[in-house]
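**Q** Listed below, chain by chain, are the residues.
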Amino acid sequence: MAEVSTKEKGRQSDNIVISFLKGNMGILIALVVLCLALALNPITNRTFLTSQNIFNVLRQTSTNLYIACGMTMVIILGGIDLSVGSIIALSGCIAAGCIVHYNLPLGVAILVALLVGLLVGTFNGIVISKTTIPAFIVTLATMNIAKGFAYVYTGGSPVRVMTQEWQFIGGGYIGIFPVPVLILVLVLIITGLIMNRTKFGRYLYAVGGNTQAAEFSGINVAKVKFLVHAFSGIMAGLAGIVLASRMYSGQPTAGEGAEMDAIAAVVVGGTSMSGGSGKLGGTIIGGLIIGILNNGLNLLNVNSFWQYVVKGTVILLAVYIDFIRHKKSD
Amino acid sequence: MAEKILLNMENICKSFPGVNALKSVNFELKQGEVHALLGENGAGKSTLIKVLGGIYIPDQGEIYINEEKSDIHDVKSAQKNGISIIHQELVLVPYMTVAENIYLGREPGKKFLDKKKMSIDAQKLLDTYNMHINANTLVGKLTIAQQQMVEIIKAISYQSKIVVMDEPTSSISDNEVEYLFGIIRTLIQKKVGIIYISHKMSELGEICDRVTVMRDGETIGTKVVKETTNDDLISMMVGRELTHYYTRDYQPKEEVVLKCENISDGKMAKSVSFDLHKGEIVGFAGLIGAGRSEVMKCLFGLTKGYTGDLTVYGKKVHIKSPTEAMKYGIAFVPENRKAEGLYKIQSVRYNSTIEILHEFMKGFSVNIKKEKIITQNYIDMMETKTPSQDQAVGNLSGGNQQKVMIGRWLATNPKVLILDEPTRGVDVGAKSEIYTIMNDLVKEGMSIIMISSELPEIINMSDRVYVMCDGRVSGCFNHEEVTQEKIMKLAAK
Chain A
1 MAEVSTKEKG RQSDNIVISF LKGNMGILIA LVVLCLALAL NPITNRTFLT
51 SQNIFNVLRQ TSTNLYIACG MTMVIILGGI DLSVGSIIAL SGCIAAGCIV
101 HYNLPLGVAI LVALLVGLLV GTFNGIVISK TTIPAFIVTL ATMNIAKGFA
151 YVYTGGSPVR VMTQEWQFIG GGYIGIFPVP VLILVLVLII TGLIMNRTKF
201 GRYLYAVGGN TQAAEFSGIN VAKVKFLVHA FSGIMAGLAG IVLASRMYSG
251 QPTAGEGAEM DAIAAVVVGG TSMSGGSGKL GGTIIGGLII GILNNGLNLL
301 NVNSFWQYVV KGTVILLAVY IDFIRHKKSD
Chain B
1 MAEKILLNME NICKSFPGVN ALKSVNFELK QGEVHALLGE NGAGKSTLIK
51 VLGGIYIPDQ GEIYINEEKS DIHDVKSAQK NGISIIHQEL VLVPYMTVAE
101 NIYLGREPGK KFLDKKKMSI DAQKLLDTYN MHINANTLVG KLTIAQQQMV
151 EIIKAISYQS KIVVMDEPTS SISDNEVEYL FGIIRTLIQK KVGIIYISHK
201 MSELGEICDR VTVMRDGETI GTKVVKETTN DDLISMMVGR ELTHYYTRDY
251 QPKEEVVLKC ENISDGKMAK SVSFDLHKGE IVGFAGLIGA GRSEVMKCLF
301 GLTKGYTGDL TVYGKKVHIK SPTEAMKYGI AFVPENRKAE GLYKIQSVRY
351 NSTIEILHEF MKGFSVNIKK EKIITQNYID MMETKTPSQD QAVGNLSGGN
401 QQKVMIGRWL ATNPKVLILD EPTRGVDVGA KSEIYTIMND LVKEGMSIIM
451 ISSELPEIIN MSDRVYVMCD GRVSGCFNHE EVTQEKIMKL AAK
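Protein chains in written order, with my numbering: chain A, 1 to 330; chain B, 1 to 493.
So here's chain A without its partners, still in its complex pose (with noise of 0.2 angstroms):
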């Protein structure tokens, strides 16, 4: 329709900040209003606010953040990823075993960790590249395997690590700033370098915004389906190390529904459903949110029960305040 006339430039997006303030205006506002919402509040207004609480919000939304990017990747491949959570638990379960029962240096069971996490992700990854089955249900069955490997493995009670350099990782700080969300400000600028400064990052929306377009084009379809999943992979095996760090212990049930978690954080971010479209910007904002939310009903002393209820409307209003603006702009 909007033939306007030719050759203007392309001025819009020169700035990062501004496209990244212009792309994700809502949830934004979303944020901003939720955090007023807290620090204004008279039962919350001492607590919210104290960098003490800051640090921990981050704390626990750095753990949902690392999932969220391999999750944001594997959402506009057009795919989705379930097996996380099983991830973080049999990552979790092995890297305190090594230590326990093998007596291995820490560095050791960090890599013996991540490995699990990369095993699963790219036995996710073949079967979703070389097969037609949906990726729904490869990561629904490696969902139940890990998560059966996971309880097969310790017996099904918690393998309990004691040392103190084990409990550096999800509990220590390095300065004022806590260790998970150092690592997590890592993650986050490796994955916005691969999503946005690579030609995989290209190739990425290319193959769910169109796959045929992509194979017509000489894209390796089928490999950047695979590594997709494979890094998602690691990003949960790197989660489960840091969640198995706080809970001092290796526990099969842990990560139970992380999956939905950081679905969510990726979709109120922003990130379509059918794929091909999406931003890590809207991801960690949509992360920030729900991390937001859980501490603010924590502090206001919402019971538990409810905060379900909350969250699931926050979600979906989110999600609905995002197609209504999209809608407009079609």
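To be clear, the hints were calculated from the coordinates, so they are not data collected in a lab.
Each hint should be verified, as a subset may be incorrect.
[To be verified] In silico BS3-like links for lysine-lysine, alpha-carbon gap of 25 angstroms or less:
| id | chain 1 | residue 1 | chain 2 | residue 2 |
| --- | --- | --- | --- | --- |
| 1 | B | K344 | A | K279 |
| 2 | B | K327 | A | K223 |
| 3 | B | K304 | A | K130 |
| 4 | A | K199 | B | K370 |
| 5 | B | K369 | A | K199 |
In this text, all values refer to a predicted model and were calculated from it rather than measured experimentally.
Dock chain B against the given chain A, drawing on the hints supplied.
**A** Just chain B, lined up with the frame of chain A:
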């Protein structure tokens, strides 16, 4: 034909933020008339049709049906008024049968679905119009042309008085067009009025009674088809004289760039041989399903395990992937640009550079400035009309989408450019521009293979024309000797 006036749209105005899509448009349709609606893309034809179909509510103006003022405020009320629209992009459910699609949303039977009645009724309808389609086939299994027929049957089954056909022949081949015209003739005998949108001038004389030309959201005029010429209509459409519709200098060189011998893909392509010279446009004519695209897919490495010999610049090669084909300088602009070519929700810039990322992306470093310059080059070269590089490609007109597609492949600097139906769904102005660009490219030494189902285009643009039929090459003509009749004789069995 002094028939009753079926539809009268008066002073229809509709604007969208930033665009005045319709400025006081008038349109009239008589009973038993086929009334063509012509205009370049963006002229407002689709907006007008959407107003008629109840998809858009006009800001101003009245719609009279059978000389009574009518209130069309949504799709249902348009249907109630006897209006049905056959959209250019088919809206059928591939996983449902033909019968289920025809009766979608108004299935017979009160509580339980009466599947039997549905399929019997549908089959009756199909048989009435001599369509050799089984009502119980899944729509996804039909060819595009057959799907189009199902769409038409679906529209007829509403007992519509006014049928709108939006480029009904854009994806079917010539003998299927004849068939479609047969159906249209049956319909007008039943006093149905048909609004016929098409870019193909040749069809107007054959099937249409009157023609209304639109440009920039206004009606330029309505004429009786028999009393007008194509040139008149084209200049009404573009608002200026198009002196050179086809631009072509014939000067191919001796050097053979590409030689194919006995290419077969085991299914559609059967032992196809041809060659391509430097600076030459070779046209491939034939009916839909003759195997033309399939041969090209072999050349571009999209078909695994094809047999036959392929020689590129005197070197025997076996191309296994598009990446390899691109390495040999072959580029392929596919037929179905929405399904196979473009990323609709992404920007013009993204779409222009997806093949050549290596030119400005290394590791984590991106030279955005360079990307913008490259994109701008191709926008300028192709004269693509877009508000900015950041515009989503899906919002551009068909002609401009095609220009982005071609520009993208030119960016790979190909020696052999394969264009599969390069002007489908493209308006006359943009078509002419694409022809000029093709001529410029071969003058610079590129070689072009063009598959097209539009015979005038094939005849006027090609140095040589290969005709394919049923997977085989059935003949080859020089541009001096080729005629429409010769091609059709070889294309049909």
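**Q** Would the pair K344 (chain B) and K279 (chain A) pass a check requiring their Cα atoms to be no farther apart than 25 angstroms?
**A** Holds, because 17 angstroms separates the two Cα atoms, which is no more than 25 angstroms.
**Q** Next pair to validate is K199 (chain A) with K370 (chain B); report whether the Cα-Cα distance is within 25 angstroms.
**A** 15 angstroms, holds
**Q** Tell me if the straight-line CA distance from K369 (chain B) to K199 (chain A) falls inside 25 angstroms.
**A** 16 angstroms, holds
**Q** Regarding the pair K304 (chain B) and K130 (chain A), is the alpha-carbon distance no greater than 25 angstroms?
**A** 15 angstroms, holds
**Q** Sort out whether K223 (chain A) lies within 25 angstroms of K327 (chain B), counting only the CA atoms.
**A** Given that 25 angstroms is the threshold and the Cα spacing comes to 20 angstroms, the pair holds.
Of the numbered hints given earlier, the model fails none.
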